[in-house]
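S.K.: The lines below spell out each chain.
2 protein chains.
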Amino acid sequence: MQYSPLITELIAALTHLPGVGKKSAQRMAFHLLERNRDGAMQLSNVLHNAMEHVKHCQSCRTFTESSLCDICNDPMREEAGQLCIVESPQDVIAVEQTLEFKGRYFVLMGHLSPIDGIGPNEIGLDELEGLLTSGKFKEVILATNPTVEGEATAHYIAQMCKTLQISASRLAHGMPVGGELEYVDGNTLMHAFTGRRAI
Amino acid sequence: MQYSPLITELIAALTHLPGVGKKSAQRMAFHLLERNRDGAMQLSNVLHNAMEHVKHCQSCRTFTESSLCDICNDPMREEAGQLCIVESPQDVIAVEQTLEFKGRYFVLMGHLSPIDGIGPNEIGLDELEGLLTSGKFKEVILATNPTVEGEATAHYIAQMCKTLQISASRLAHGMPVGGELEYVDGNTLMHAFTGRRAI
Ligand SMILES: [Zn+2]
Ligand SMILES: [Zn+2]
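Line by line, the protein sequences give chains H and Y. The letter at position 169 of the first sequence is residue 169 when you use this note's numbering, and the numbering goes up by one with no holes. The letter at position 157 of the second sequence is residue 157 when you use this note's numbering, and the numbering goes up by one with no holes.
Errors might be hidden in some of the hints.
Which copy? The list can't say, so a pair holds if one copy fits it or any two copies do.
As the list claims (entries may be wrong) - Only pairs whose alpha carbons sit at most 20 Å apart, straight line, appear in this in silico EDC-like list of lysine to aspartate or glutamate:
id, residue 1, residue 2
1, 22, 180
2, 55, 9
3, 55, 34
4, 55, 122
5, 23, 182
6, 23, 96
7, 22, 182
8, 22, 34
9, 136, 78
10, 162, 127
11, 23, 180
12, 102, 182
Quick caveat, the hints were computed from the structure, so don't treat them as lab data.
Extracted from the complex, chain H is given alone in its bound form:
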């Protein structure tokens, strides 16, 4: 004996969500059916729209449904001549919340990981090189995660900056080594930002 075909399908589809196993998926399915059909319908619509319309910003690669994200669209953000390089869109939000940085971002959407076949092109370093040779940026701030892969990625980009004669700095430690930028509290991140050192 099983649930009806549609309910079985719903439970299976909910396990596509990260961290959701079969038992949680069941609880979610029945909660929505019993108590929040409107919420579920809304989730269905928003999922559809987001998957269809959210692409990458043509300049910084973060997720956005416009061709350029709000930050890349803001001429004030270019004047600072600074480019902050982060691993993920969540990291952009984390840095923005410190109110410490007024420049622009480049979002790698990952980090170098040769073992997984993720090389420079997979994290957009060809696009980054184009951006850096545009002459718009005088300083690059490397804000990848303080993990082995994040450090390796920062060093790779630092070499690129050296070749292009653009100064590069790395966020000061103050962040827990091995931690992830997204989970660092705003205060620590702010100090790490101000105390960044040349690389």
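Using the hints provided, position chain Y with the ligands relative to the given structure of chain H.
M.R.: Just chain Y with the ligands now, with coordinates in the frame of chain H:
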């Protein structure tokens, strides 16, 4: 600074899922956007179909997209002359997995809870009375949860059975008091079933 409007909407909509806070919703949204857009599209479609088509079985009230669920549709299940009364569709599956019971079910979709305004009609006891007066059932097995509300509901229905001269039994203890049927292991539930006592 915030995520783009569509991403902000997606994160908010994901918090409609029980047990999902803002931080988990963010992780889910980016996971789907980065790594599983097909899965997200499928979830969107299935959510829509399930919310639109899943109704209650016209006989036992469990969730199904047909007018009668598979069990109510099976003439063999009526022959046993037994009706097992449970609180939720998940409980039907739990009892079915014991392979101990060959009769039919009635699903209350809750339990009596006067403080929340849930009286006999809200848990379908008018429909249950109709079913019991049909003459199809000789025995009622009360398998509501062994909680205060579940016991009160069982006693209320036992009174109804007494008036209609139908024998009623309650699942044997063996289940943890205060626990929920859905989380009891199959073996314990099987013993609880065989050892059920008259009420
Ligand atoms: Zn951008
Ligand atoms: Zn049914």
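S.K.: Decide, hint by hint, whether the structure agrees.
M.R.: These are the hints, each one checked on the structure:
Taking the shortest Cα distances, residue 22 and residue 180 sit within 20 Å of each other only across copies (18 Å), while inside one copy they are farther apart (28 Å). In the homo-oligomer, the alpha carbons of residue 55 and residue 9 lie at most 20 Å apart only across protomers (15 Å), although the nearest pairing inside one protomer, at 28 Å, exceeds that limit. With identical chains, the CA atoms of residue 55 and residue 34 are at most 20 Å apart between copies only, with a shortest distance of 10 Å across copies and 34 Å within one. Taking the shortest alpha-carbon separations for residue 55 and residue 122, only the intra-copy value of 16 Å comes in at or below 20 Å, while the best inter-copy value is 47 Å.
When the C-alpha separation of residue 23 and residue 182 is checked against a cutoff of 20 Å, the pair qualifies only between copies, where the shortest distance is 10 Å, while the shortest distance within a copy is 28 Å. Taking identical chains as interchangeable, the C-alpha atoms of residue 23 and residue 96 lie at most 20 Å apart only when they sit on different chains, with a minimum of 17 Å there against 37 Å within one chain. For a Cα distance limit of 20 Å, the shortest separation of residue 22 from residue 182 across copies, 14 Å, qualifies, whereas the shortest one inside one copy, 28 Å, does not. With identical chains, the CA atoms of residue 22 and residue 34 are at most 20 Å apart within one copy only, with a shortest distance of 18 Å there and 22 Å across copies.
When the C-alpha separation of residue 136 and residue 78 is checked against a cutoff of 20 Å, the pair qualifies only within one copy, where the shortest distance is 7 Å, while the shortest distance between copies is 78 Å. In the homo-oligomer, the alpha carbons of residue 162 and residue 127 lie at most 20 Å apart inside one protomer (17 Å), although the nearest pairing across protomers, at 79 Å, exceeds that limit. Taking the shortest Cα distances, residue 23 and residue 180 sit within 20 Å of each other only across copies (14 Å), while inside one copy they are farther apart (29 Å). Taking the shortest alpha-carbon separations for residue 102 and residue 182, only the intra-copy value of 19 Å comes in at or below 20 Å, while the best inter-copy value is 54 Å.
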